[in-house]
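J.: The residues making up each chain are set out below.
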Amino acid sequence: MTGADLRARLRGNLVAGNLVAHAVLLMGTALFLLPIWLVFVGSTLDSGAINRGDIGLLPRLEGLAIYPRLLSPAPGGVPVWRMLALSFAMALAIAAGKIAVSLLSAYAVAFFRFPGRMLCFWLLFITLMLPVEVRIIPTFAVVADFGMVNTFAGLVLPLTASATATLLFRQAFVLVPDELVEAARMDGAGPWRFLRDVLIPLSRTNMAALFVILFVYGWNQYLWPLVVATDPRLDTITVGIVRMIGPESRTAWNEVMATAILAMLPPTLVVLAMLRWFVKGLTESER
Amino acid sequence: MAGLVLDQVRKSFGRTEVLRGIDLDVAPGEMVVVVGASGCGKSTLLRLVAGLEQPSSGRIMLDGEDITARDPAARDIAMVFQHYALYPHMSVFDNMAYGLKVRRLPRAEIAARVEEAAQMLHISPLLGRKPRELSGGQRQRVAIGRAVVRKPRLFLFDEPLSSLDARLRTSMRAEIKRLQRRLGVTSLYVTHDQHEAMSLGDRILVLNEGRPAQLGPPMEIYARPADTAVAELIGDPPMNLLPGWLDANGRVRLETGDAGNGRSVLVGIRPEDVAGGRPDGDGLALGFTPDTVEPMGAEVLLVGRLETGAAFSVRTLPASFALGSRLDFHCPAQRLHLFDPGSGQRIGPAGPAAR
Ligand SMILES: Nc1ncnc2c1ncn2[C@@H]1O[C@H](COP(=O)(O)OP(=O)(O)OP(=O)(O)O)[C@@H](O)[C@H]1O
Ligand SMILES: [Mg+2]
Numbered sequence: 005m006t007g008a009d010l011r012a013r014l015r016g017n018l019v020a021g022n023l024v025a026h027a028v029l030l031m032g033t034a035l036f037l038l039p040i041w042l043v044f045v046g047s048t049l050d051s052g053a054i055n056r057g058d059i060g061l062l063p064r065l066e067g068l069a070i071y072p073r074l075l076s077p078a079p080g081g082v083p084v085w086r087m088l089a090l091s092f093a094m095a096l097a098i099a100a101g102k103i104a105v106s107l108l109s110a111y112a113v114a115f116f117r118f119p120g121r122m123l124c125f126w127l128l129f130i131t132l133m134l135p136v137e138v139r140i141i142p143t144f145a146v147v148a149d150f151g152m153v154n155t156f157a158g159l160v161l162p163l164t165a166s167a168t169a170t171l172l173f174r175q176a177f178v179l180v181p182d183e184l185v186e187a188a189r190m191d192g193a194g195p196w197r198f199l200r201d202v203l204i205p206l207s208r209t210n211m212a213a214l215f216v217i218l219f220v221y222g223w224n225q226y227l228w229p230l231v232v233a234t235d236p237r238l239d240t241i242t243v244g245i246v247r248m249i250g251p252e253s254r255t256a257w258n259e260v261m262a263t264a265i266l267a268m269l270p271p272t273l274v275v276l277a278m279l280r281w282f283v284k285g286l287t288e289s290e291r
Numbered sequence: 003m004a005g006l007v008l009d010q011v012r013k014s015f016g017r018t019e020v021l022r023g024i025d026l027d028v029a030p031g032e033m034v035v036v037v038g039a040s041g042c043g044k045s046t047l048l049r050l051v052a053g054l055e056q057p058s059s060g061r062i063m064l065d066g067e068d069i070t071a072r073d074p075a076a077r078d079i080a081m082v083f084q085h086y087a088l089y090p091h092m093s094v095f096d097n098m099a100y101g102l103k104v105r106r107l108p109r110a111e112i113a114a115r116v117e118e119a120a121q122m123l124h125i126s127p128l129l130g131r132k133p134r135e136l137s138g139g140q141r142q143r144v145a146i147g148r149a150v151v152r153k154p155r156l157f158l159f160d161e162p163l164s165s166l167d168a169r170l171r172t173s174m175r176a177e178i179k180r181l182q183r184r185l186g187v188t189s190l191y192v193t194h195d196q197h198e199a200m201s202l203g204d205r206i207l208v209l210n211e212g213r214p215a216q217l218g219p220p221m222e223i224y225a226r227p228a229d230t231a232v233a234e235l236i237g238d239p240p241m242n243l244l245p246g247w248l249d250a251n252g253r254v255r256l257e258t259g260d261a262g263n264g265r266s267v268l269v270g271i272r273p274e275d276v277a278g279g280r281p282d283g284d285g286l287a288l289g290f291t292p293d294t295v296e297p298m299g300a301e302v303l304l305v306g307r308l309e310t311g312a313a314f315s316v317r318t319l320p321a322s323f324a325l326g327s328r329l330d331f332h333c334p335a336q337r338l339h340l341f342d343p344g345s346g347q348r349i350g351p352a353g354p355a356a357r
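In order, the protein sequences belong to chains R and H.
Last residue of the first sequence: 291 in the working numbering, with the numbers rising by one and none dropped.
Last residue of the second sequence: 357 in the working numbering, with the numbers rising by one and none dropped.
Looking at chain H on its own, in the form it has when it is part of the complex (with noise of 0.2 Å):
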């Protein structure tokens, strides 16, 4: 009943300690897309699930069994990696067919499988060829389809999409959203792309150095980081992080130079929530002077310095900017984040939920 739980795991190598305490828990025929720096553990997480590698401590359970110490064949998990890892002599179907030939099921049965699997990831022609005779994206749809042949009771992907160029990797990554609903096996999936996990997620898990620093659905994660380092990864251009002040009134300030009073914090402020013009009521003024314009298509990336002295970024619609001199912008009070400068931990407000 319980999917994939994870219980205070941590691994070290030698005296490093890559993952310091996970705790998780993935329902039936949910995928959970964990989302970090490189170097973070998120390919060591996964390689403890499959049992490639061993935890020095904590617990993992399937479906209620604990599968901590049992041998990768025996956990009836699937795994799709990053460069593919393909057999190069094999055919696509052996392939395919391999780790059921291992598993000794009826020739007829791995037959209608692989079949099966090869129409709903389109490489039906495909399946006489050798892998060095297809494109890195039937390539990958082959790995996915080795792991689809085996229905097991868990998918783990290891950033399977990273090698594939970025048009590829868009419908791609569709596809495998849908063929994880169609067939509804739990997943874990991993990337650094933020974008991918956005999409692809029910839930995400971030994790910073070892740690799981927020786990919960996208657009939450998105809507109220739990602390800086999320708020740098989630968001595309990245969330402007600038020191300032919370006085007593509960009014955020940014920081000029001279000591302000009240609560020293650090201000966070998404790209795409500055509009132009004076604030109207409570909302944060922002004086800044752009001077490079990034066009993205729909619309342009200012970026630039405000009246501080700080980094920032504005996005925004297009049109024509007096590059080098000051304009007015604002964000109102309820987009803005407030972290701690300390530990970088949220502290408020509430934000908006859910949007």
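Next comes chain R alone, as it looks inside the complex (with noise of 0.2 Å):
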């Protein structure tokens, strides 16, 4: 066989490799939109329809103007709006909050030495398998204690701290050379200065990466919204579609579909406006 047959043959070879691969990867995707699609197009019907099983694979148009309708804050309509900012608000603040605290803890662990240190790191190890679906109770004793129950405050506080996101700050952090270090100390930055002029701007694609997963672990919270939160006025998107759910032949199918095509947007779109940076924080380090 000359070099050029064998050069044709394995480009075959690349082409068909890649056809199959595209067709798992087309497979798969399908996999995961059709039930997203089934629930598009439920949300066009009227709810008769759906009760009856009656749906197909193809949206009914003029169905479309329940989106308008569900999002309007007109009187004795759904307050989905409402729920949706709350929601986004409460995920942001989870995020956002388990960013710091981890970032502070990390810090802490990875760089000071303090009596009990390892005793520490092993307590916020071991956090994790205490999520809180787990420590449920204590923690609403806890948060009534403080008279947090039906406030934001209450919403948000219990599940700002993370080990995981601890662990891998601390990960990051233990990689920084002491050299580094000890560069900045006589370059006489403290540990304020230090963290901020130096260990932020290096974990910036960590912290965007970590931002996306917690931004959508905020926003599927349940359990805990339902239990801490019985003021309508704190339900969360979650809490509210599962509300809409009354007896089976009272519930609006639509509206409920409707609601749920809606509450998949803002986590979709965080994902997408950090995918670069996401992608770049797993695959990449500044270092």
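For the record, the hints were derived by calculation from the structure and aren't laboratory data.
All C-beta atoms, glycine included, are put in the ideal place defined by N, C-alpha and C.
Any given hint could turn out to be false.
Going by beta-carbon spacing under 10 Å, a handful of chain R positions derived as facing chain H [as the list claims (entries may be wrong)]: (1) V45; (2) P181; (3) D182; (4) E186; (5) A187; (6) A188; (7) R189; (8) D191; (9) G192; (10) G194; (11) R197; (12) P205; (13) L206; (14) R254.
Here are a few chain R residues that sit away from chain H, every Cβ distance over 12 Å (derived from the structure) [as the list claims (entries may be wrong)]: (15) A114; (16) M190; (17) F198; (18) R208; (19) T255.
With the hints as a guide, dock the two chains, each given alone in a separate frame, to form the complex.
T.: Written out as structure tokens, the structure is:
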């Protein structure tokens, strides 16, 4: 076989390989998108059709009017925009809070020698095994003692500690060369300046990646908001959707589905906006 | 007035004593090079002076002030690190300016100082770049620039050239020397490269296992090494050290196996001090059988064995040598170095002063 033949054959193999890979990717994408598409189609039908199980694959265009109706704060309408705003604020606060808290605790654990440092590290580590769902009753008791039931703070604060983010930051921090720390000390930078001028800029991509993950985490919270906020004005979108589902025959399924579609938009937009940073943060480091 | 003074400085990490009593007096504007084998405590010494570590005992004085307990930032000392330690996310300008910004110097003053230093170090066109867009040599210039803009009372260098290639190292070495002369800043420079030490230092401090083995001008250390450790460290290729005897008449004999008489000594002979032919007068005759020739450019290094069986090397002008056959060489008496075989200390002769 000549070199040219071999090359042609290899190229053929490559093309075939690419085709297979693309077929698999397309199938995976379809598998993910199909349910979402069905929800979208359902949102444009009337609720009776859905109750009859009468859903096709094509949306009913005049049914799209449901979206402006849901979003308008008209009296009698469902205050979807309000729930969206609340969820957005909550997710934002949780993500920002988690990043701030874990950045500081990772800074302490990675750079300072203090009594009980390893103990602190292990305590942090152990909390990985204690998500809110596990500690929900004691956490509720604490929040209640602080008088934070039915407040925004009560919604957010118990979710702002993150062992995962702390560990991620710690791993990034221990890779910072000692010489760099010492150079900053010689330059006269104290601990706060070092954090602000060196560590935070160096962790920017990490922070962006974490922000995306934590924002989605915050957005998807259901159990905790359900427990701690009984006031309907503090209904997050996830809680709101569930509240819209009443007894089978009286549920406006098209509204539920339209709300679900709306609920998907903000996190999707955040992910898309941060995608470049997100990939960068997961794959490369600035060092 | 006093420059840098170290007074019985000791440092232990747990049980291991790394520095065992260092006394040093660096005159204002002087450059002292600390040289020693890996792990002998050179970096530790520098970090103590910088304030990055605290000495276990002893005092460190700068310009007459006791700075032993002072924070690194308050010592007015700048340091150049082995791996540059530039801030990766800052431009060259910001890297050099950072120490000044922290010290709240006026903006115009900062810009002026950075530009002056950049010009001095030929990095003006690079001021807008990030460290990762620079070559190793350029990065080291930036690191030096960062120290220069501070206009400190003392420069510390921790093997700043060791990650550069040989050629660049030689030219940067000359540049550092020029710069240090020009700025007249007292400097302490750590290296394990004897050539760097010889060419840079006004004086050299040789450290051996945490003890100062010798302190003096480069040529004096070369001419009169204080002990066998210094003798082996300074000089390239290293000095030959051979067991021998010093008889009652003050004549040196190499050990041949049969018991000699007189005092047992280690005879040090630099490869470059050996000459061809038999000795005239009181030189030491060396029957030498070379087995390899290493070309060194202008000269060659012959490696082989003496009649006594000891390994030996000779540095000489190139010629055609009959490898494997015995040749006559000798070393003039005043070029011999004698050391005590027990302690390794130099016992004489006074030897040539600086040549
Ligand atoms: N923080 C520390 N804790 C414990 N031991 C240390 C510490 N720093 C240095 N040492 C020990 O002190 C000794 C001297 O270290 P140092 O870094 O000063 O050597 P060096 O002369 O600079 O060597 P090199 O030429 O390899 O850089 C080494 O044995 C090292 O293991
Ligand atoms: Mg070192």
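J.: Return the numbers of the hints above that this structure violates; sort them in rising order.
T.: 1, 14, 16, 17 and 18
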